[in-house]
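**Q** From first to last, the protein sequence lines are chains C and E. Residue 34 in the numbering used here sits at position 34 of the first sequence, and the numbers go up by one each step. Residue 39 in the numbering used here sits at position 39 of the second sequence, and the numbers go up by one each step.
FYI, nobody ran anything at the bench for these hints, they're computed from the structure. In this text the structure is predicted, and so the values were computed from the model without any measurement. C-beta atoms are modelled at their ideal positions from N, C-alpha and C, and glycine is treated no differently. Possibly wrong hints are sitting among the right ones.
Coverage of chain E stretches by chain C, computed from C-beta distances (three or more under 8 Å per stretch; other residues unrestricted) [said to hold, decoys possible]: (1) 61-68; (2) 104-118; (3) 180-191; (4) 226-236; (5) 295-308.
This is what each chain is made of:
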Amino acid sequence: MPSPHALPRTAPHIAPLDTRSQIETPEGIDLLLRPAGLVVRALAFSIDFSIRATVMAALFLLFSLFESFGAGLSAIALFLVTWWYMVLFEVLNQGRTPGKQIMGLRVIHDDGTPVGWTASLIRNLLRFVDMLPFCYSLGAISCLQHPQFKRLGDLAAGTLVVYRDKPRPRPVLPHATPIIAPFVLNLEEQRAILSFAERQVELSTERTQELASILAEPLQVSPALAVPRLNGVASGLLGPT
Amino acid sequence: MKQSLFELRHQADWQRFAERLDALEKGKAQATSNETFGRDYRRICHQLAMAQERGYSSHLVDPLQQLAMRGHQQLYRHRHPMGAQLLNFVLAGFPRLVRAEWRLVVIASLLFFGSLIGMGLLVHGFPDLIYSVIDPEQVAEMESMYDPQSSRIGQTLERAADADWMMFGYYIMHNIGIAFQTYATGLLFGLGSLFFLFFNGLTIGAVAGHLTGIGYGQTFWSFVIGHGAFELTAIALAGAAGLKLGWALLAPGALRRGEALRRAARTSVQLIYGVMLFLLIAAFIEAYWSSMTWPGPAIKYTVGAALWAMVIAYLVFAGRAPHAPD
Numbered sequence: 001m002p003s004p005h006a007l008p009r010t011a012p013h014i015a016p017l018d019t020r021s022q023i024e025t026p027e028g029i030d031l032l033l034r035p036a037g038l039v040v041r042a043l044a045f046s047i048d049f050s051i052r053a054t055v056m057a058a059l060f061l062l063f064s065l066f067e068s069f070g071a072g073l074s075a076i077a078l079f080l081v082t083w084w085y086m087v088l089f090e091v092l093n094q095g096r097t098p099g100k101q102i103m104g105l106r107v108i109h110d111d112g113t114p115v116g117w118t119a120s121l122i123r124n125l126l127r128f129v130d131m132l133p134f135c136y137s138l139g140a141i142s143c144l145q146h147p148q149f150k151r152l153g154d155l156a157a158g159t160l161v162v163y164r165d166k167p168r169p170r171p172v173l174p175h176a177t178p179i180i181a182p183f184v185l186n187l188e189e190q191r192a193i194l195s196f197a198e199r200q201v202e203l204s205t206e207r208t209q210e211l212a213s214i215l216a217e218p219l220q221v222s223p224a225l226a227v228p229r230l231n232g233v234a235s236g237l238l239g240p241t
Numbered sequence: 001m002k003q004s005l006f007e008l009r010h011q012a013d014w015q016r017f018a019e020r021l022d023a024l025e026k027g028k029a030q031a032t033s034n035e036t037f038g039r040d041y042r043r044i045c046h047q048l049a050m051a052q053e054r055g056y057s058s059h060l061v062d063p064l065q066q067l068a069m070r071g072h073q074q075l076y077r078h079r080h081p082m083g084a085q086l087l088n089f090v091l092a093g094f095p096r097l098v099r100a101e102w103r104l105v106v107i108a109s110l111l112f113f114g115s116l117i118g119m120g121l122l123v124h125g126f127p128d129l130i131y132s133v134i135d136p137e138q139v140a141e142m143e144s145m146y147d148p149q150s151s152r153i154g155q156t157l158e159r160a161a162d163a164d165w166m167m168f169g170y171y172i173m174h175n176i177g178i179a180f181q182t183y184a185t186g187l188l189f190g191l192g193s194l195f196f197l198f199f200n201g202l203t204i205g206a207v208a209g210h211l212t213g214i215g216y217g218q219t220f221w222s223f224v225i226g227h228g229a230f231e232l233t234a235i236a237l238a239g240a241a242g243l244k245l246g247w248a249l250l251a252p253g254a255l256r257r258g259e260a261l262r263r264a265a266r267t268s269v270q271l272i273y274g275v276m277l278f279l280l281i282a283a284f285i286e287a288y289w290s291s292m293t294w295p296g297p298a299i300k301y302t303v304g305a306a307l308w309a310m311v312i313a314y315l316v317f318a319g320r321a322p323h324a325p326d
């Protein structure tokens, strides 16, 4: 990265090595989605499953007071809870069943819009196939081999389970006198230096030192002074110089 | 422009937009506050693009990204084809769809009704054959249900009182469950749907043949003919919908398999909406009409035949005539 003849500011974006997927919107920006993997989805399902089991047990006890009228109610309740629990929650609660809500997930269409009745019904009816032949085997295989972790129901319905991003608190930047970098920075490098300053609170002193000393030579300082120098560049990028 | 200045200038806007999104997500937003939503959302997108292009830090870009994502979720929706157009779907859309998919419907019906009738005739001719399909205990249970001595048909005597509602619930759960299974397993290249159509055909056929053979034919046929019109057709249609899924995988045509599957799923789930409607009607008829004993078999057969004619006429003729634009 460090070289006096840095890449031009319009250097082509290198695809990030992670699972994020991008959707271009009509406004010309890219929405970043982070698809959720097998484990977290399995946990969300187990939470939903235990909630459903509890609800069914409670209803069953309640309806057993009413003999055959109650048996009819139980059958309808069992039907609703088996086939409609997921659909109703997903459509009416912004793509979140209670389990997904706890795990911080939500269901959306492939194009980033909230999931609707049709797609939700498809993905939850086809759940039956994902469960075959036992214990979600087909769903798990499909989920593990797909770049966006889709199970078969998601493939057919065109839906995606993503993480809901929560706002992160702003870190306190180390105080430093703003200076201008002695060489031209491209966008990636600029963001890397800003991240270095922002993440300093989370890093150990030794690691901070180690990272900064990589840049000691192009910054034309001794490795010991690289950290304050780099912080200076960062705050120069942020505010007035 | 330096990042801190940019942030200082727009921070208040972002705060306001986030608060409005909170209100919208909770469903509590006032209509008047939404008039400027589109404009504000576009501004956020614009500022996000600028922030990215200028290489501002992740702690500025990420929250803007989240705001844009939440705004996008509020602004863009897929139309719900079922909500407003329910009546249109029932009157014309569903039968049209069934006719548009007539090849699959014919295949599914042949398989289902073919195995039903074939097995019925076989069991009638060779009565022992039923035990290769159904457990002896279940056969005994069936026999007690359709015993001509029973006062209410279709259920055992001791459950007679107040049982209509119970059976209604049971039929809904059982039948719609079967229809859903028949549909969903179509995803396995259509094999699951084929299996369930064939298997259900065999079972029902075997029961029918057996009961007719031992002389319970009158009670059985007069019981099933009414709701059978809706129930059996619905199972066949669910099978057709499942076959559509499987066929999209086997022969995707000019599309990629994934895309073909998505389109097939969108069409076939419309069939499933119709199937659910049919099964609700069937459960209603089964619980409240078929189980009555006072109408004589003649009345039952007449009504049953009328229902069959109605279902077939509905699927064949409804929605053919052009109607006034919606």
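**Q** A separate judgement is required for each hint: does it hold in the structure or not?
**A** Structure-based check of each hint:
| no. | hint | in the structure |
| --- | --- | --- |
| 1 | 61-68 | holds (count 5) |
| 2 | 104-118 | violated (count 0) |
| 3 | 180-191 | holds (count 7) |
| 4 | 226-236 | violated (count 0) |
| 5 | 295-308 | violated (count 0) |
Comparing the model with each numbered hint stated earlier shows that hints 2, 4, 5 do not hold.
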